[in-house]
Amino acid sequence: MIDIDPSNRNMEPTLFQISREGRTGYALPEQDTPRYDLGESLGPDLYRDSSPPLPSLSEPQIARHFTRLSQLNFCIDTGFYPLGSCTMKYNPKINDQMAADPDFSNLHPLQDEEDTQGALELMHSLQKYLCEYAGMDEFSLCSLAGAQGEFVGLLLIRAYLESLGQSDRNVILVPDSAHGTNPASATLAGFKTVEIPSNKEGRVDVEQLKAALNDQVAGLMMTNPNTIGLFEKDILEIAEAVHGAGGQLYYDGANLNAIAGVARPGDMGFDVVHINLHKTFSTPHGGGGPGGGPVGVKSHLIPFLPKPHVGKKSDDEFYLNLSSKNSIGSVSGFWGNFGILVRAYVYLRHHGLPGIRNNSEMAVLNANFLKALLADEFPTAFQGTCMHEFVLNLKKADTGDQRAMGVAKRLLDYGVHAPTVYFPLVVPEAAMIEPTESETPETLRKFAAIMKQVRRECIEKPNLIEGAPWETPVRKLDEVTAARSPVLVESL
Amino acid sequence: MSIPENLRYTESHEWVREDGGESVIGITDFAQHELTDIVFVDLPEVDSEVEAKKACCVVESTKIAADIYAPVSGKIVAVNEELNDHPEWVNESPYEKGWLVRIAPSDKSELDTLMNAADYQSHLDSE
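From first to last, the protein sequence lines stand for chains B and G. Start counting the first sequence at 1; every next residue gets the next number (the working numbering). Start counting the second sequence at 1; every next residue gets the next number (the working numbering).
Everything labelled a hint here was simulated from the structure, so no lab data went into it. Take the hints with a grain of salt, since some may be wrong.
To be verified - With a Cα cut of at most 27 Å, we get these calculated BS3-like pairs of lysine-lysine:
no., chain 1, residue 1, chain 2, residue 2
1, B, K476, G, K63
2, G, K108, G, K63
3, G, K53, G, K75
4, G, K63, B, K452
5, B, K396, G, K63
6, G, K63, B, K200
7, B, K128, B, K325
8, B, K192, G, K97
9, B, K192, G, K53
10, G, K53, G, K63
11, B, K210, G, K54
12, G, K75, B, K200
13, G, K75, B, K128
14, B, K461, G, K75
15, B, K210, G, K53
16, B, K395, G, K75
17, B, K461, B, K476
18, G, K54, B, K200
19, B, K396, B, K452
20, G, K63, B, K192
21, B, K192, G, K75
As the list claims (entries may be wrong) - Among chain B residues calculated to face chain G with C-beta under 8 Å, some are:
no., residue
22, M405
23, Y422
24, E479
25, V480
26, A483
27, R484
Stated by the list, open to error - Label-pair ranges, simulated between beta-carbon atoms:
no., chain 1, residue 1, chain 2, residue 2, range
28, G, N84, B, D115, 21 to 29 Å
29, B, E162, G, E11, 36 to 44 Å
30, G, N84, B, P53, 30 to 38 Å
31, G, N84, B, P109, 43 to 51 Å
32, B, I459, G, D125, 21 to 29 Å
33, B, P486, G, E22, 47 to 55 Å
34, G, N84, B, E195, 22 to 30 Å
35, B, L353, G, Q121, 56 to 64 Å
36, B, K452, G, E11, 33 to 41 Å
37, G, S12, B, N214, 22 to 30 Å
38, B, K93, G, Q121, 45 to 53 Å
39, B, G244, G, E11, 51 to 59 Å
40, B, I459, G, E11, 50 to 58 Å
Nothing here was measured: the structure is a model prediction, and the numbers come from that model. Cβ atoms here follow ideal geometry from the backbone N, Cα and C, with glycine treated the same way.
Let the sequences and hints guide you as you build the complete structure.
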């Protein structure tokens with residue numbers, strides 16, 4: 001049956017549904033080279049006896065399919081994301097232009113060093129720049145994302161402790177406001193995790209931390225500012241206590257965006273840091289990458305850094321150091337996500353220290369401006385000035401019977417992406433807000449007005465919230481059935 | 001919000017029913033309401049040892065994955081395996097069909113530290 005119902009105009013069928021046998025989108029010329037029999041070469045164990053069921057389509061069908069899908073998507077080039085650096089934040093287009101330059105994009109990782117000096121110099125410079133911004137002594141660019149950076153950083157701590165004959169230190173402390181990746185990375189790296197509670201200000205409880213320190217503790221993982229958006233002002237006392245007990249201090253760089261160019265984790269006493277390039281140094285977000293999670297260390301951890309590491313032979317000669325004997329080894333194919341490193345390099349060169357500092361200050365100013373706009377109707381979880389983000393406690397807001405999830409879904413109808421809800425776990429009905437440095441006051445005022453309108457709807461028209469979203473290409477999904485009885489295969 | 005009189009409660013919203021010297025554990029009506037629709041329950045191994053106030057299983061909803069803390073120390077003697085196919089029972093019947101684990105307590109005095117229904121009600125009011 002031909003479907004012409006206007007309400008279905010956004011229901012894009014899959015490529016398999018529009019496939020028709022025999023249709024093609026290309027024509028190859030007659031083969032004029034000798035035919036190579038792959039089946040004979042691979043043998044029946046490896047060579048399949050029938051073609052895979054690929055869809056048969058014309059070229060315009062494919063062009064329309066993917067263009068339409070891209071238009072159905074919400075994206076940073078069309079709308080506002082209220083949890084910026086964690087989900088989606090604007091990246092200058094010049095980064096992509098530079099990374100797409102054929103001199104970079106056509107390089108092969110196995111090319112000779114003498115042919116890739118430019119790329120190596122870029123990586124070496126980026127290592128040095130990141131050292132400057134983080135206050136560390138050396139950086140590795142190998143990790144392919146922030147979570148892998150955490151894993152690598154923890155392996156470095158473990159290798160260092162083993163070199164001291166202290167391999168029985170097997171506990172990593174994490175605050176209860178930490179990202180879930182922290183305990184996950186620690187577990188993967190072979191540590192046990194112990195949770196440190198927050199105090200009533202929303203910061204690490206220093207006395208409880210001190211009580212947890214002993215000769216089993218390998219280190220403490222911290223995010224500063226923390227996930228509540230508060231600066232851990234006791235960090236120097238914390239660093240002294242952790243080091244005094246023989247532990248290492250790990251900096252989760254997820255919130256570096258609030259302090260880059262202003263304060264440095266290395267100066268706070270951190271021994272290892274990872275930086276999420278997408279959050280602070282403007283590389284692509286979402287969709288599983290590609291990502292970059294460079295790891296920086298103080299001098300005592302340098303011998304253990306992953307291979308390869310870009311070194312400098314002379315003023316204008318760079319090389320890949322593959323021979324470091326105490327290295328924890330290779331953690332990624334070749335030398336990391338090079339295209340991502342180009343983008344971060346371009347961003348740093350483009351802005352310089354004054355520009356990066358200004359971005360951090362604007363991120364903090366924007367967050368506090370928005371927090372003030374919302375304050376009369378949306379209490380935050382903790383009091384005081386925030387850094388680059390803040391957490392609303394929607395349990396304390398007057399939203400009738402409606403919850404954070406309903407508010408988030410209704411925002412979609414107003415053309416705003418939903419913020420992260422129900423994280424951090426220490427805040428009931430949490431909604432995390434981070435406008436980032438790139439949004440204008442007009443956008444923030446509009447978002448605040450939308451939030452207040454949605455709150456009124458929670459009281460006056462609760463059905464609107466419960467059924468939301470109404471205006472998106474796909475309406476409210478049945479997440480419960482999807483999780484309880486997922487259908488993971490489409491029959492072809 | 002239902003809070004049966006015959007059960008004991010923890011501050012972290014688990015309930016305990018004493019049954020023939022063993023303790024049946026679940027989560028309260030309040031807890032299931034806060035968690036929203038539960039989609040998966042990760043139950044411990046039978047015969048494993050649990051420690052009071054330490055995580056003994058994980059309950060997952062579309063909103064969150066939450067640790068469930070053992071109200072008493074002891075050995076797991078049974079788990080509600082039907083929840084593997086019917087996680088929704090924790091929402092529909094938190095005090096009956098939605099029970100989670102059965103523990104043989106190693107220290108029965110721990111039971112005395114738990115709250116009764118009235119105390120749990122005032123704990124909820126104060127949260």
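Given the proposed pairing of K53(G) with K63(G), does the C-alpha separation stay at or below 27 Å? Satisfied, since the Cα-Cα distance of roughly 23 Å is no more than 27 Å.
Range hint 22 to 30 Å: satisfied by the CB atoms of N84(G) and E195(B)? holds (28 Å)
Can the suggested window of 47 to 55 Å be confirmed for the beta-carbon pair P486(B) and E22(G)? violated (35 Å)
Do the beta carbons of G244(B) and E11(G) sit within 51 to 59 Å of each other? violated (33 Å)
Assess, step by step, whether the Cα of K461(B) is no farther than 27 Å from the Cα of K476(B), and give holds or violated. Cα-Cα ~17 Å, so holds.
Does M405(B) pass the interface check with chain G, least Cβ-Cβ distance below 8 Å? holds (7 Å)
When you check the alpha-carbon spacing of K396(B) and K452(B), does it fall within 27 Å? It holds: about 14 Å lies between the C-alpha atoms, which stays within 27 Å.
Agreement of hint E479(B) with chain G interface, Cβ distance less than 8 Å: With a closest approach of 4 Å, the E479(B) hint holds.
So if I understand the rule, the pair passes when the alpha-carbon distance is 27 Å or less; does K395(B) with K75(G) pass? violated (37 Å)
Given the hint that K53(G) pairs with K75(G), does the C-alpha gap stay at or below 27 Å? Between K53(G) and K75(G) the Cα gap is close to 14 Å, so the pair holds against 27 Å.
Need the status of pair K192(B), K97(G): alpha-carbon distance at most 27 Å? Violated. K192(B) to K97(G) sits at ~34 Å, over the 27 Å cutoff.
Holds or violated: the hint that A483(B) contacts chain G, with Cβ atoms closer than 8 Å. holds (4 Å)
Comparing the model with each numbered hint stated earlier shows that hints 2, 8, 12, 13, 14, 16, 28, 33, 38, 39, 40 do not hold.
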